Amino acid sequence: MIWNKTFECMSREEMNACQSRRLVDMVERMYHNVPFYRNKIQELGLHPGDIRDISDLKKLPFTTKQDLRDNYPFGLFAVPQSEIVRVHASSGTTGKPTVVGYSRRDLSTWSEVVARCLVSAGAHKHDVVHIAYGYGLFTGGLGLHYGSEEIGATVIPVSGGNTKRQLQIMRDFGSTVLACTPSYALYLAEAMAEDGVSREEYKLRVGIFGAEPWTESMRREIEAKWNIKAIDIFGLSEVIGPGVSCECECQDGLHVQEDHFIPEIIDPVTLEVLPQGAEGELVFTTITKEGLPLLRYRTRDLTSLNYEPCKCGRTLVRMKKCTGRSDDMLIIRGVNLFPSQIESVLLEMGETSAHYLLIVDRENNLDTLELQVEVEQKFFLDKISELQKLSKKIQSNLESTMGLSINVKLVEPKTIERSEGKAKRVIDKRKFLS
Amino acid sequence: MTIKQISVFLENKSGRLAEVLGILGQENIKIYALTIADTSEYGILRLIVSDFNRAVNALKEKKFTSNITEVLAVSVPSQAGSFAKVLKAFADEAISIEYMYAFKWGTSATLILRPENIESALNLIDKNKFNLLKPDDLGNL
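Which chain is which? The protein sequence lines are A and B, in order.
Its first residue numbered 14, the first sequence is counted upward by one per residue in this note's numbering.
Its first residue numbered 2, the second sequence is counted upward by one per residue in this note's numbering.
Check the hints yourself; a few may be wrong.
What the hints assert, rightly or not - Under the rule of at most 30 Å between Cα atoms (straight-line distance), these lysine-lysine pairs were calculated in the DSBU-like manner: (1) 63/B with 31/B; (2) 64/B with 396/A; (3) 442/A with 109/A; (4) 405/A with 14/B; (5) 405/A with 130/B; (6) 64/B with 31/B; (7) 14/B with 89/B; (8) 86/B with 427/A; (9) 406/A with 14/B; (10) 396/A with 31/B; (11) 61/B with 391/A; (12) 63/B with 406/A; (13) 406/A with 422/A; (14) 18/A with 238/A; (15) 130/B with 86/B; (16) 63/B with 396/A; (17) 442/A with 14/B.
Rather than coming from a laboratory, the hints here were simulated on the basis of the structure.
This one's a predicted model, so the numbers in the text were calculated from it and none came from an experiment.
Kindly generate the complete structure, drawing on both the sequences and the hints.
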């Protein structure tokens, strides 16, 4: 099944024409409504009239996460606040989140693209969609929610946590589609096995997993343990949230909803657009968004694009599963984490040295974090209780800043390796490449 | 009269204690008393030594985290009930003891105490006529 054949199956020429029309319109809107973009475009000696079709896209300036931060919270919105009907946010490096705003039309665009994703994953109106993504400022829960309603499925907004209850609801309500992070899907599978309730008691047939990188071997494991089809969905809140791209049942690349978001692949160092098929940094230009339209937004995700039409009938370009990032951002249990956030928490506390080492691992399919912090001479007290108080305090400050629980381990001074130039702050033991 | 005790932060790694003791040995510093408070990840080594200034400097040089804490040493006769008598006096006056350790030597035994409030502990020891040891006494045992 294809939700919107007109847009999902149009020819390359039609798609180029559609993208060109929408791009020209968007650049015009941005130029007049967002001072930040007007300045950027003027600095390059450009005028909106210079952008005539998508071949002119490469002339336009890039947008980075830093630009969003510099214009925190609403500085890049292209419509008056009275037209913004929803705000979401994701964690940022300096404690300030990245804020995104949606107009009413943006919300319906979002529902539309998520609906396409769900249908391409094999879901339909008779499904019971179990949404175990967090609801709230995070786009995961509500994004999947409105898309599922759009296709007329029965939505169960369970949100995250409480694994036992998740399993019970899945059984009792007959959930057929599960939406959550791939690591949580595995965690649920193991909890199901421990519960001793037979797989036969569950009606699950499709899983739509995203918000964190995962490997082909994780996919095979999830598919075997749940006996379902595991589909990869991709998105980032800056662009719209989940639903920017998604696999179809062929599971051979994620179809990008390119009539709304134009993808480009660039060299992260030279910023040159790379030839078709080459691997590089993924960049998105949103061409229909009203609230927070973005010009050439650098996702920092590394992937490549495949323009071959897919066996499923869709002509939408396919991006490969992301293989890594061109910056140091980590995705832990679906939450974005920059190591510099840890440093600023430690510096602000001023009770330890700012030397730390973060060790990321995966135990029982859940990401674990251990932070090693050096105890400093001037703060060292002769009492175990004081040391325990210190590590508890670090832990709770980190948790309130980043929303992640991190196991804090105090270590002796100078045990964390100092290297010339960029210090090694993170050891990621998780394996994403199969 | 208090006694200066050195505390050293140690990770739970094999060889760390040997390293600290090796440094002190090389500096020809004698150890009079020693105890370790441990957790699963780290511990605090507490020492009373012949020359705390030199010991602290030597440890600092080798990048160990350490500091100096005032403790009290009380000597009691080596017989049943004598520790209990001292601790009961503390309990009666509601003076908390953060930690303590003890050892026996010949016909007497020594308690090393870290009370929450040193002043009131000293008053109590004075009032009860307990035998408070001076820093040099520990070396002469």
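Now for the hints, and whether the structure bears them out:
With a C-alpha separation of about 18 Å, the suggested pairing of residue 63/B with residue 31/B holds against the 30 Å cut-off. Taking the CA atoms of residue 64/B and residue 396/A, the gap is near 20 Å; set against the 30 Å cutoff, the hint holds. Taking the CA atoms of residue 442/A and residue 109/A, the gap is about 28 Å. The hint holds against a cut of 30 Å. A threshold of 30 Å between alpha carbons decides the hint, and for residue 405/A with residue 14/B the separation of about 22 Å falls inside it, so the pair holds.
For the hint pairing residue 405/A with residue 130/B, the CA-to-CA distance comes to about 42 Å; that exceeds 30 Å, so the pair is violated. Between residue 64/B and residue 31/B the CA atoms are separated by roughly 20 Å; this keeps the pair inside 30 Å, and the hint holds. Distance restraint check for residue 14/B and residue 89/B: the Cα-Cα separation of roughly 38 Å exceeds the 30 Å cut-off, and the hinted pair is therefore not satisfied. Distance restraint check for residue 86/B and residue 427/A: the Cα-Cα separation of roughly 45 Å exceeds the 30 Å cut-off, and the hinted pair is therefore not satisfied.
Among the hinted pairs, residue 406/A with residue 14/B is consistent with the structure: their alpha-carbon atoms are about 24 Å apart, no more than 30 Å. With a C-alpha separation of about 24 Å, the suggested pair residue 396/A and residue 31/B falls inside the 30 Å cut-off, and the hint holds. For the suggested pair residue 61/B and residue 391/A, the alpha carbons sit about 12 Å apart, so the restraint of at most 30 Å is met. Under the criterion of a C-alpha separation no larger than 30 Å, the hint pairing residue 63/B with residue 406/A is consistent with the structure, at around 28 Å.
Between residue 406/A and residue 422/A, the direct Cα distance comes to roughly 12 Å. Compliance with the 30 Å bound is thereby established for this hinted pair. The straight-line distance between the Cα atoms of residue 18/A and residue 238/A is roughly 33 Å, outside the 30 Å bound, and the hint therefore fails. Restraint check for residue 130/B and residue 86/B: the C-alpha separation of about 12 Å stays at or below 30 Å, so the hint holds. At most 30 Å may separate the alpha-carbon atoms for a hinted pair to count; residue 63/B and residue 396/A meet this at roughly 22 Å.
This hinted pair checks out: residue 442/A and residue 14/B have alpha carbons roughly 22 Å apart, not beyond 30 Å.
Taken one by one, the earlier hints fail for this structure at numbers 5, 7, 8 and 14, listed in ascending order.
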